[in-house]
Amino acid sequence: MSQPRRIPRHRAWSVLSLPVLLCTLAACTGDPASGDGAAPKGGKGAAAASASPTPSGPPGTLFDTFHYTGPDDPAFAAHGWEVRAGAGGPGIKDTWTTAGASFPDDPTAQGGRALQLRSTTDGTKQGTKQVEVQTTGGNLFNGTFAARVHFSDKPSSGRTGDHVVQTFFPISPSDSSENYSELDYEYLPNGGWGAPGPKLDTTSWYKADPPDRVTHAVKQRLEGWHTLMVTAVDGKATYALDGKELFTSSGKYVPREKMDIHFSNWFIDLMPSVAGPRSWDMKVNWVYYKADAAVSAADVQKTVDGFYGEGTAYVNTLPKN
15 MSQPRRIPRH
25 RAWSVLSLPV
35 LLCTLAACTG
45 DPASGDGAAP
55 KGGKGAAAAS
65 ASPTPSGPPG
75 TLFDTFHYTG
85 PDDPAFAAHG
95 WEVRAGAGGP
105 GIKDTWTTAG
115 ASFPDDPTAQ
125 GGRALQLRST
135 TDGTKQGTKQ
145 VEVQTTGGNL
155 FNGTFAARVH
165 FSDKPSSGRT
175 GDHVVQTFFP
185 ISPSDSSENY
195 SELDYEYLPN
205 GGWGAPGPKL
215 DTTSWYKADP
225 PDRVTHAVKQ
235 RLEGWHTLMV
245 TAVDGKATYA
255 LDGKELFTSS
265 GKYVPREKMD
275 IHFSNWFIDL
285 MPSVAGPRSW
295 DMKVNWVYYK
305 ADAAVSAADV
315 QKTVDGFYGE
325 GTAYVNTLPK
335 N
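Following my numbering, the numbering of the sequence shown begins with 15 at its first residue and continues without gaps.
Don't read these hints as lab results, they were simulated from the structure.
Fair warning: there could be bad hints in the mix.
Said to hold, decoys possible - Okay, derived cross-link-like pairs now, DSS-like style, lysine-lysine, Cα gap no bigger than 27 Å in a straight line:
{"hint": "1", "residue 1": "Lys258", "residue 2": "Lys168"}
{"hint": "2", "residue 1": "Lys250", "residue 2": "Lys316"}
{"hint": "3", "residue 1": "Lys139", "residue 2": "Lys250"}
Unchecked claim - Quick list of simulated restraints, FRET-style, between CB atoms:
{"hint": "4", "residue 1": "Pro118", "residue 2": "Gln140", "range": "24 to 34 Å"}
{"hint": "5", "residue 1": "Gln234", "residue 2": "Pro333", "range": "32 to 42 Å"}
{"hint": "6", "residue 1": "Lys250", "residue 2": "Thr174", "range": "32 to 42 Å"}
{"hint": "7", "residue 1": "Pro333", "residue 2": "Ser170", "range": "16 to 26 Å"}
{"hint": "8", "residue 1": "Gly74", "residue 2": "Ser287", "range": "41 to 51 Å"}
{"hint": "9", "residue 1": "Gln140", "residue 2": "Lys334", "range": "35 to 45 Å"}
{"hint": "10", "residue 1": "Gly84", "residue 2": "Gly265", "range": "37 to 47 Å"}
{"hint": "11", "residue 1": "Pro225", "residue 2": "Thr174", "range": "46 to 56 Å"}
{"hint": "12", "residue 1": "Gly238", "residue 2": "Pro291", "range": "21 to 31 Å"}
{"hint": "13", "residue 1": "Ser310", "residue 2": "Gly238", "range": "20 to 30 Å"}
Each residue gets a CB set at the ideal place from its N, CA and C atoms; glycine is no exception.
Take the sequences, apply the hints, and build the full model.
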């Protein structure tokens, strides 16, 4: 993040019910070679019926369409996701909530469903709720990271003006790691940190604290759906928006250890001058990762289209840690 996380992130799992735990344990016994656990075809609730972490598919691939009934869907945890509920930063510290994550129908999304991250504020800490969804496997390193994300230029309710940050980023499980790694996309429709918006920051980190990073800003309005990609191979990390290269980092500013994927919607600061409550939405249509390979934007979309065409809502053929 462009704002260092001064307080360590606390990776608190949401409380799992007994059915979720049983489903998760049962998933570990599935045979990926048999294809058991691949998302059933047909029906938007089909993916929720699958809880196997390793359905069949191309090797070294993670893909998810977020076809879940909610954060408490057993498949959501079994597929390696959690909604952050712990303390720490960035933004308004200790305001993270699981209530902001949902999976509504969306006619503008490929497949008709998306992950929605809704953060709310009224200009006070007590009235602020931020949301973040993340993987928990910590097994993503070099390769191609991609996601189709919907940015918002204005709140879904209330007045505009907040310094909101809508993000997609792979990051180390621990901020204090000696091999700390982080690759950021951050969209700031109203700017922040003294810089005007709208702008999209792409940032490669070497250390979180003290901050050691290289960054590049694209100053344009990006309301709507976009495909965000980071290709980390051969000692370089290249960022691309809708197939157009934006920025490349190298040297020490590349992944040095395995990471998780995060999607986050948060506020840089409180804005009591903006009257009344307001809600900001960020949406994620799908996420894709291919290990140890540079995949073009066209080939990513071709693969994603193939998964949707086959009715495949989730794939994870990555090696286990």
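Results of checking the hints against the structure:
no.: 1; hint: Lys258 to Lys168; result: 25 Å, holds
no.: 2; hint: Lys250 to Lys316; result: 24 Å, holds
no.: 3; hint: Lys139 to Lys250; result: 39 Å, violated
no.: 4; hint: Pro118 to Gln140: 24 to 34 Å; result: 27 Å, holds
no.: 5; hint: Gln234 to Pro333: 32 to 42 Å; result: 39 Å, holds
no.: 6; hint: Lys250 to Thr174: 32 to 42 Å; result: 37 Å, holds
no.: 7; hint: Pro333 to Ser170: 16 to 26 Å; result: 40 Å, violated
no.: 8; hint: Gly74 to Ser287: 41 to 51 Å; result: 49 Å, holds
no.: 9; hint: Gln140 to Lys334: 35 to 45 Å; result: 42 Å, holds
no.: 10; hint: Gly84 to Gly265: 37 to 47 Å; result: 43 Å, holds
no.: 11; hint: Pro225 to Thr174: 46 to 56 Å; result: 29 Å, violated
no.: 12; hint: Gly238 to Pro291: 21 to 31 Å; result: 25 Å, holds
no.: 13; hint: Ser310 to Gly238: 20 to 30 Å; result: 22 Å, holds
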